[in-house]
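**Q** Add chain S to chain V, keeping to what the hints say.
Protein chains: 2
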Amino acid sequence: MGSGYLKRITFDQNGLVPAIAQQHDSGEVLMMAWMNREAVQETLQTGRVCYWSRSRAALWRKGESSGNIQRLVELRLDCDGDTLLVLVDQTGPACHTGRHNCFFTAIREGSPEIISEVEIPPEEMYGAKEPEA
Amino acid sequence: MGSGYLKRITFDQNGLVPAIAQQHDSGEVLMMAWMNREAVQETLQTGRVCYWSRSRAALWRKGESSGNIQRLVELRLDCDGDTLLVLVDQTGPACHTGRHNCFFTAIREGSPEIISEVEIPPEEMYGAKEPEA
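Order-wise, the sequence lines are chains V and S. If you count by this note's numbering, then the first sequence holds residues 1 to 133, one letter each, in order. If you count by this note's numbering, then the second sequence holds residues 1 to 133, one letter each, in order.
Treat the hints loosely; a few may be bogus.
Now the stretches of chain S that chain V is said to cover, found in silico as 3 or more residues with beta-carbon under 8 Å [what the hints assert, rightly or not]:
1. 2-8
2. 20-26
3. 30-44
4. 69-78
5. 98-110
From the structure, some residues in chain S lie toward chain V, with a derived Cβ separation under 7 Å [stated by the list, open to error]:
6. Phe11
7. Thr91
8. Ile120
Note that these hints are calculated values from the structure, not bench results. Glycine included, every Cβ here is placed at the ideal spot set by N, Cα and C.
For reference, chain V alone in the conformation it holds in the complex:
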């Protein structure tokens, strides 16, 4: 597969681009993370979603410690190429808290409110391993 598409992506001053992961069939927005060139290429080549972990400064193969992988369905770019939309098929919870997606806090009447339940407790997902991020 060619990599001409990389020229269409605008990476920021840190070499990163935000990537929104959306469940391909339900439309649920699961999480937002960052990719560098290598993560984009690996994602397209392997069909498994790989991010760049800013905290660990390393490639982050989603699900490598939790098993909660994201299979790539389609990668899309926005109109100015500085944001990616990654359509995925998510296995298990996407969030390190064990919730299905990361956007479980709503602002209602000016106050944060938790609106979804933990599906799998983190200690069960990760055991003694470091939670992913």
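**A** Below, chain S without anything else, positioned relative to chain V:
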């Protein structure tokens, strides 16, 4: 309305946080833009979505020149508070190209492919005015 929720949001070194706009009923991801504290507050206070335009270095009241406003349905934060998901009711196309959403380029077989049509030509949306961004 209190603004205690602001403490839950992690703004980056430029005082900005990425905000993903999603159509509340269909689940369509419309666009990604940035908000500063003032934009978040204005959005919650007025119920109309306001971003921060990095190119113009000014508040960007979505739809102010095109009429294609976003009514706020709910604002959500992700697990570490550094990304917002804005559930909206979008009037007209969200994208400055006149397409309904900004993610109209898919990478297929390693090549970019346009996958959606222009609904309203930009010159019709903006007339002699500057396209929004």
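**Q** Each hint needs a verdict: does it hold in this structure or not?
**A** Hints, verified against the model:
For the segment 2-8 of chain S, the stated coverage by chain V is satisfied: 5 residues place a CB nearer than 8 Å to a CB of that chain, which reaches the threshold of 3. Given as covered by chain V, the segment 20-26 of chain S passes the check, having 3 residues with a CB less than 8 Å from a CB of that chain where 3 are the minimum. Check on the segment 30-44 of chain S: 3 of its residues sit with their Cβ under 8 Å from a Cβ of chain V, so the three-residue criterion for coverage holds. Counting residues of the segment 69-78 of chain S whose C-beta lies closer than 8 Å to any C-beta of chain V gives 5; at least three are required, and the coverage claim holds.
Only when three residues or more bring their CB closer than 8 Å to a CB of chain V does the claim for the segment 98-110 of chain S stand; here the count is 10, and the claim holds. With a cut of 7 Å, the hint placing Phe11(S) at the interface with chain V is violated, because the nearest CB-to-CB distance is about 15 Å. Checking Thr91(S) against chain V by beta carbon gives a least distance of about 18 Å; that is not within 7 Å, so the hint is violated. Taking 7 Å as the C-beta contact cut-off toward chain V, the hint placing Ile120(S) at the interface is violated, the least distance being around 14 Å.
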